[in-house]
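Participant: If you read the sequence shown in the UniProt record's numbering, its first letter stands for residue 1, the second for the next number, and so on.
Warning: the hint list may mix true and false statements.
Using C-beta positions, here's what the derived DEER-type ranges look like [to be verified]:
1. ASP24 <-> PRO99: 43 to 51 Å
2. ILE19 <-> PRO148: 22 to 30 Å
3. THR4 <-> THR314: 39 to 47 Å
4. ARG3 <-> ALA274: 42 to 50 Å
5. ARG25 <-> ILE250: 34 to 42 Å
Keep in mind that the hints were calculated from the coordinates and are not lab data.
C-beta: ideal position from N, C-alpha, C; glycine also.
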Amino acid sequence: MNRTVILERLMHECRELLIFNPSDRPWQMPVSAAIASGVPIAFGAWLERLDLGVVGALGALTFLYLPRFDLRRRMLSVAGCAAMLTFCYTLGLVCHLVPNFTLPVITLVAIVTTALCRHFQLIPPGSLFFMMATAIGAYAPHDLAQTPLKVAVFAGSAVFACLIAWLYSLYVLQVKRIIPATPFLKTEQRITWFIPLLTGLFVALSLQIAELFGLGRAYWVPVSCLAVMQGINLRKVWNRQIQRSAGTLIGIGATWMMAPFASNPWAIVFAIAALNFCIETAVVRHYGFAVIFITPLTILLADAPNLHDSHITTLMFDRLLDTLIGAVIGFAGAMVMHNDTVKRRLHFLN
């Protein structure tokens, strides 16, 4: 293989990784996402309970599941996601009672939510936030006596996100008169289990490896693994792996710059609202660019109360290492998932 061919392939890879897509998303959507997440955490800051505010912002991720269909289907989708996110977060909190259940619970959540997202044609982020809510609930520091209060705050914020989704939908459908998309016709009504079970297997493997090596904040490994495996084909998975790793590295640098201001709760409020706005603006254009904002957002949602302490360097290193390991395992899982031989041998799961 001569130098010209190698250079051409490298240029092709760079174009694949750096291409920005056009966006027809109304600017009101990222603004609504910022409001949905900003209001709950603002209440938490006002009440001097930033920990509960962060829980509320996590529940407000419900808004991001708003599809582009008619009003009825939009609200059914976000209401169902609100209930499922709350259930997943509650499962995570319950794991503090029986820590040995954490691995099977996270694995089961990955399998079931992946199957349901595929069956109901749920838009990206798909099963990712269900897994993230479970993992944060299971691994974030938690006082068991606060469980009912945290679940109530999470559920209330999810309902508030549904209200914002309803108001936004009324605006874009009635005022802007944007034509809703038509759902894809389903050829089968039953749930297929090949991809969900394989996803669950590699999510479990990634968490087991993280626990085995004693990685700090091990739950980011399966979250990263799942995010990479969501690509629709191996080309997309490869792009996601590279973009997620590069975006995380830059995002960690951004988080490091935010850390000195983290002692001010209102700085956290502004950061979470602004990051949600940036993510919803960027994600339809370029996944890696969006990950630059996703990284500090997820760190804030999991560790905002502790972000200003002396462990910031360790936290950043853990996040980067966990993401890289999860991305590699996720890519390995995707290679198995998209292998024709494996598909033929496990055809009975489809």
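Participant: Taking 42 to 50 Å as the hint, is the beta-carbon distance of ARG3 and ALA274 inside that range?
Facilitator: holds, 45 Å
Participant: Just tell me: holds or violated, for the beta carbon distance of ARG25 and ILE250 against 34 to 42 Å?
Facilitator: Between ARG25 and ILE250, where Cβ atoms are some 23 Å apart, the hint is violated.
Participant: Please test the hint of 39 to 47 Å on the beta carbon pair from THR4 and THR314.
Facilitator: holds, 46 Å
Participant: Is it true that ASP24 and PRO99 lie within 43 to 51 Å of each other by Cβ?
Facilitator: The hinted range 43 to 51 Å holds for ASP24 and PRO99, with Cβ atoms some 46 Å apart.
Participant: Lying within 22 to 30 Å: is that true of the beta-carbon distance ILE19 to PRO148?
Facilitator: The hinted range 22 to 30 Å is violated for ILE19 and PRO148, with Cβ atoms some 48 Å apart.
Of the numbered hints given earlier, the model fails hints 2 and 5; all others are met.
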